[in-house]
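Colleague: Below are the chains, spelled out letter by letter.
There are 2 protein chains.
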Amino acid sequence: MQTIEQLLESKDIRVTAMRLLIYKFLANKQIAVTLSDIENAFEKADRTTLYRTIKTFEEKEIVHQIDDGTGINKYALCESGCHCEIETDLHLHFHCNNCSETICLTEHKIPQIKVPEGFVSENVNLVVKGICDKCSGQ
Amino acid sequence: MQTIEQLLESKDIRVTAMRLLIYKFLANKQIAVTLSDIENAFEKADRTTLYRTIKTFEEKEIVHQIDDGTGINKYALCESGCHCEIETDLHLHFHCNNCSETICLTEHKIPQIKVPEGFVSENVNLVVKGICDKCSGQ
DNA sequence: ATATTTAATGCAATGGAAGTGCATTTATTG
DNA sequence: CAATAAATGCACTTCCATTGCATTAAATAT
Ligand SMILES: [Mn+2]
Ligand SMILES: [Mn+2]
Ligand SMILES: [Zn+2]
Ligand SMILES: [Zn+2]
Numbered sequence: 001m002q003t004i005e006q007l008l009e010s011k012d013i014r015v016t017a018m019r020l021l022i023y024k025f026l027a028n029k030q031i032a033v034t035l036s037d038i039e040n041a042f043e044k045a046d047r048t049t050l051y052r053t054i055k056t057f058e059e060k061e062i063v064h065q066i067d068d069g070t071g072i073n074k075y076a077l078c079e080s081g082c083h084c085e086i087e088t089d090l091h092l093h094f095h096c097n098n099c100s101e102t103i104c105l106t107e108h109k110i111p112q113i114k115v116p117e118g119f120v121s122e123n124v125n126l127v128v129k130g131i132c133d134k135c136s137g138q
Numbered sequence: 001m002q003t004i005e006q007l008l009e010s011k012d013i014r015v016t017a018m019r020l021l022i023y024k025f026l027a028n029k030q031i032a033v034t035l036s037d038i039e040n041a042f043e044k045a046d047r048t049t050l051y052r053t054i055k056t057f058e059e060k061e062i063v064h065q066i067d068d069g070t071g072i073n074k075y076a077l078c079e080s081g082c083h084c085e086i087e088t089d090l091h092l093h094f095h096c097n098n099c100s101e102t103i104c105l106t107e108h109k110i111p112q113i114k115v116p117e118g119f120v121s122e123n124v125n126l127v128v129k130g131i132c133d134k135c136s137g138q
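As you go down the protein sequences, you meet chains A and B in turn. In this text, residue positions in the first sequence follow this note's numbering: the first is 1, and each later residue adds one. In this text, residue positions in the second sequence follow this note's numbering: the first is 1, and each later residue adds one.
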């Protein structure tokens, strides 16, 4: 069991107060968040700092960006030990048309997708839209 | 074999010079195009007109919008007789990381995706990224 | 401990793209 | 031809992502 500080350091991310706060914020969320979500949670902090913090987290692979089709980038912590760039680690995302929340279905890996001759698959983005468990009333 | 005019009329789209031009432009493209692509092809036309024409085509289901993860909406003609809203008609899209082109793989339908209990799937977006046939040199 | 260097943060500004209100032109219909 | 409705053009707005540069804070060397 490592502390957040240790995790950040192990990924070559220098520990700052802001980074710890943002990490904890993401860790507490069960859903993917937008930059604005983070902004609203930390009103005193500058938007740019939040933006760059997320980008740093993304580069160092403790956060992955999610394109759920809303046109707004969302972010979520990676599973510990995940390698988002590897196809076998890719999970699908669910976007609720009712509450607009987007969640990682980390248990649901993306199936092998066949592409035509001559095409090389490097990455797959799979987003399912519909009604989430909370909104479907069950 | 129906003319473009007949196709538009059958979909309740009034025929105008601009609409015919845009339709032909889309029909000649083998790849999905952005609004800017259309803008560049028709410099005399106003962007709003092009925008609204595409939106009309989309509503009337002769064009589908593609979110390939670049953050810029792309559009492509639907197959004749397709119903983009129906899950079984959904095909996957391929985005080339080299030439940045996005193409419809209309032959490749999206496989049935399992979602957890309580979730209801209404729509699926599947984008494969990698190297296209032209760029892979084969 | 202090000076030097490097990284993080804050502020201001930019740019791209989507979208809208309203006036004008064009097409349709009585 | 007059009346009506739709399409087009122009100006403007909003939202989000991104960058340059000055400032502050942290890390390292002296
Ligand atoms: Mn995820
Ligand atoms: Mn397509
Ligand atoms: Zn929901
Ligand atoms: Zn290519």
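Everything labelled a hint here was simulated from the structure, so no lab data went into it. It is possible that some hints are incorrect.
Given that identical chains are not distinguished, each listed pair holds provided it fits within a single copy or across any two copies.
In silico BS3-like links for lysine-lysine, alpha-carbon gap of 27 Å or less [stated by the list, open to error]:
id, residue 1, residue 2
1, K114, K29
2, K129, K114
3, K55, K129
4, K109, K134
Colleague: Take the hints in turn and mark each one as holding or not.
Modeller: These are the hints, each one checked on the structure:
1. K114 - K29: This pair counts as between: shortest inter-copy Cα distance 24 Å, intra-copy 34 Å.
2. K129 - K114: Result: close both inside a copy and across copies, 22 Å intra and 12 Å inter.
3. K55 - K129: Classified as both; 26 Å inside a copy, 21 Å across copies.
4. K109 - K134: Cα proximity of K109 and K134: one copy only (22 Å, versus 29 Å across).
Checked against the numbered hints above, the structure breaks none of them.
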